[in-house]
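Undergrad: Spelled out from the first residue to the last, the chains are:
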Amino acid sequence: MTTNANMIDVNNISFHYGDRYVLEDVSFSVPKGAFVGLVGPNGSGKSTLIKIILGLLKPQKGQVQLLGNKVNKFQQWCKVGYVSQKANSFNSGFPATVFEVVSMGLTSKLGLFRFMNSTHKQAVADALALVGMEEYSESNIGELSGGQQQRVFIARALVSDPDFLILDEPTVGVDSGSTSEFYNLLGKLNKENGITLLLVTHDIGTITDKVTHVACLNRTLHFHGETEEFEQFNESDLSDFYGHHVHVLNHDHGHGGV
Amino acid sequence: MIEAIWKFEFLQNAFLAGILIGIIAPLLGVFLVVRRQALIADALSHITLAGIAASLLMGKYVTSWQAVNPVYMGMGFSAVGSLFIEQLRKVYKHFEELAIPITLSGGIGLGVVFISLADGFNSDLFNYLFGSVIAISRGDLLAVSVITFVVLVVVIMLYKELFFLSFDEEHAIVSGIRGKWIHIVFILIVAFVIAVSMQIVGVLLVSALMTLPVAASIRVAKGFKQTIFLSIIIGECSVIGGLVLAYYLDIAPGGTIVLLSAIILVLILLFKRWKQGKS
Ligand SMILES: Nc1ncnc2c1ncn2[C@@H]1O[C@H](COP(=O)(O)OP(=O)(O)O)[C@@H](O)[C@H]1O
Ligand SMILES: [Mg+2]
Numbered sequence: 002m003t004t005n006a007n008m009i010d011v012n013n014i015s016f017h018y019g020d021r022y023v024l025e026d027v028s029f030s031v032p033k034g035a036f037v038g039l040v041g042p043n044g045s046g047k048s049t050l051i052k053i054i055l056g057l058l059k060p061q062k063g064q065v066q067l068l069g070n071k072v073n074k075f076q077q078w079c080k081v082g083y084v085s086q087k088a089n090s091f092n093s094g095f096p097a098t099v100f101e102v103v104s105m106g107l108t109s110k111l112g113l114f115r116f117m118n119s120t121h122k123q124a125v126a127d128a129l130a131l132v133g134m135e136e137y138s139e140s141n142i143g144e145l146s147g148g149q150q151q152r153v154f155i156a157r158a159l160v161s162d163p164d165f166l167i168l169d170e171p172t173v174g175v176d177s178g179s180t181s182e183f184y185n186l187l188g189k190l191n192k193e194n195g196i197t198l199l200l201v202t203h204d205i206g207t208i209t210d211k212v213t214h215v216a217c218l219n220r221t222l223h224f225h226g227e228t229e230e231f232e233q234f235n236e237s238d239l240s241d242f243y244g245h246h247v248h249v250l251n252h253d254h255g256h257g258g259v
Numbered sequence: 498m499i500e501a502i503w504k505f506e507f508l509q510n511a512f513l514a515g516i517l518i519g520i521i522a523p524l525l526g527v528f529l530v531v532r533r534q535a536l537i538a539d540a541l542s543h544i545t546l547a548g549i550a551a552s553l554l555m556g557k558y559v560t561s562w563q564a565v566n567p568v569y570m571g572m573g574f575s576a577v578g579s580l581f582i583e584q585l586r587k588v589y590k591h592f593e594e595l596a597i598p599i600t601l602s603g604g605i606g607l608g609v610v611f612i613s614l615a616d617g618f619n620s621d622l623f624n625y626l627f628g629s630v631i632a633i634s635r636g637d638l639l640a641v642s643v644i645t646f647v648v649l650v651v652v653i654m655l656y657k658e659l660f661f662l663s664f665d666e667e668h669a670i671v672s673g674i675r676g677k678w679i680h681i682v683f684i685l686i687v688a689f690v691i692a693v694s695m696q697i698v699g700v701l702l703v704s705a706l707m708t709l710p711v712a713a714s715i716r717v718a719k720g721f722k723q724t725i726f727l728s729i730i731i732g733e734c735s736v737i738g739g740l741v742l743a744y745y746l747d748i749a750p751g752g753t754i755v756l757l758s759a760i761i762l763v764l765i766l767l768f769k770r771w772k773q774g775k776s
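Residue numbers (this note's numbering), protein chains in the order written: chain A, 2 to 259; chain B, 498 to 776.
By construction, these hints were calculated from the structure, which means they are not laboratory data.
Bear in mind the structure is a predicted one, so any value in this text is a computation, not a measurement.
Quick reminder that beta carbons are idealized off the backbone N, C-alpha and C, glycines included.
Some hints here could point you the wrong way.
Take a look, some chain B residues computed to stay more than 12 Å from chain A by CB distance [to be verified]:
1. K504
2. L513
3. K587
4. I612
5. G673
Some, not all, of what chain B presents toward chain A, calculated at C-beta under 10 Å [claimed, not checked]:
6. I605
7. F646
8. M654
9. I670
10. Q723
11. G738
Kindly generate the complete structure, drawing on both the sequences and the hints.
TA: Written out as C-alpha cells, the structure is:
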C-alpha cells in the first residue's frame, strides 16, 4: 500500500447505461478524516458513482483509487463499510437475527474457513451498543421498524472497525426524529472515532452542519470543496442546479479544517 | 421392524441413507428457499432423471455398462445442468427465474427421449420416479455417505459466506467475497444431493424434501441457524417416519416421506395461528 492522504481519488470518470450518460468527467477526492456530503437531485448519478467507487460497476472512462490502489486491485475491503440505498429493501421474511446480520460484517475480516470467537462476538455486541440496538440482538431483523433496521445495517458496516464508511441515502424510509439522531451518530463517528465518511443524500440542508466537505453532483460535478465555501455558493446557483428553489440553512461550524 | 432391520441388509441401507439425506436435503434447502430458488431443485431432479435414463439406455447396448450405478450418470447430468442454470441466470439477469423452466423442460425432454429409446419404463426407472426402500445397495449407501461428508464440510467451511450471499449479494461482493465461485460450489453440491436423494424419495418429490421442512421451520424459528436445525429435525422425522410407514404399508417411500413433512408443515402453521390467536 502506498501512503496517500486520500481515502478515495476519483479521476475523470464517465459512465453510461446504454447510450445515456449518467456521469460525465467527474473527479473528486475524499481526504482521510473528512466527512463528505455528496448531494444531488434524484437520478443525478449518485448511486452509480458509489457503485463505481466500490468496484460494482466499471466506468467506461477514468479510474478510481482507494487508499492509492486501483479499485480492481484493492484488497482491504474490511476497512471499508458500506450501507446501500436499498439496505432495508431485503426480503423481510428472511430468517436472521440482528446478531446474525451484524456478524455478516465480519465475514471478510475473518477470511475464508475461519470462525467467530468470543472477541468477534464482543465486537458485534459493541457495534450494536454503538447504534443503541443491543437489546434487539436476538430479534429477527424483519420484525424491526425501518429506522431500527437501518441502525442494524450501520452496525454491520461498523463491526469490522472500518476506517471509511460509505452511506447511500441511509435515512430514506426513516422517520425525521430518528434521522437527526442518526446524523448526530455519524458526526460522532467522524469526530470521535476518526472514521472517514462519504454520505450520499438528496437533502442538502440537514447535513451542512455536520459535514466538512460538500460535493454536488448532477451528471457532472457542480461543486466540490469545503463546507464553508459551499455556503458562499448562493441560493440562485443552487436553484439552477436542482431545478427548483432551495434554502441553504446557515449553521455555526465547530470543527476546524481537515 | 427393528428385527427386520437387523435381518435385511437392504433395510439397513435404506435407513442409513435416509437418515443422511434427511440432514443434507433440508440443510441445502434452507439456502435455496431464502434465495427464492426452491424450484432449482425441481429442475435439477428432472435433469438427473434424464441422466439415469441415459445410463439405463447405455446398459441395454453395452453389457459391461450395466455394472455402473446409474446414479453416477445422474450426478453428471445434474452437475452439468446446475452449471447451465448458473450461466442462464447471468444471461437473463433481470429474469433469473427463467433459468428454471428452461432447464426443467430440457431435462424432461431429454429424459422422455432416452426412456422411449430404451423401450419404455422398466421397474428400475419406476424406482427412480417414486423412490424405493429395497433398491438401495451398499454402493448407493457409500455414494450418499461421501456426498454427505462433502456437503457438511462445504457448508460448515463456507457458512458465513453462503449466509451473507443469500441475505444480500451486492453487499457480500463489496466486502470482498468471491460470489461467483461460491455460487458454483453451492449449486454443484445441490446437484449431487439431488442425485443421491432420488433413489429414496424419487425424482418428483426430491424438491419437496428440500423445501417443505424449511417452509415449516421458517415460520417458527428465530434466526438462520435455528431455521437450519429445525428444518433438519423436521426432515429426519419425515424420512424415518416415512420409511417405516412405507415398509409396513408396502408403498413407495417418496410419497409417505413427503406427506409426513406436509402434515408437519400444516400442524406448525395451525400451531402458529393458535398461538397468535391467544396473544
Ligand atoms: N441499471 C440501470 N440501467 C439503466 N439505467 C439506470 C440503471 N440504474 C440507474 N439508471 C439511471 O441512471 C441515472 C442515475 O441513477 P442513480 O445513480 O441511481 O441516481 P441517484 O442515486 O442520484 O438517484 C438515473 O436516471 C437512472 O434512471
Ligand atoms: Mg441513489
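Undergrad: Each hint: holds or not?
TA: Structure-based check of all given hints:
| no. | hint | result |
| --- | --- | --- |
| 1 | K504 | holds, 43 Å |
| 2 | L513 | holds, 29 Å |
| 3 | K587 | holds, 15 Å |
| 4 | I612 | holds, 39 Å |
| 5 | G673 | violated, 4 Å |
| 6 | I605 | violated, 30 Å |
| 7 | F646 | violated, 16 Å |
| 8 | M654 | holds, 5 Å |
| 9 | I670 | holds, 7 Å |
| 10 | Q723 | holds, 8 Å |
| 11 | G738 | violated, 25 Å |
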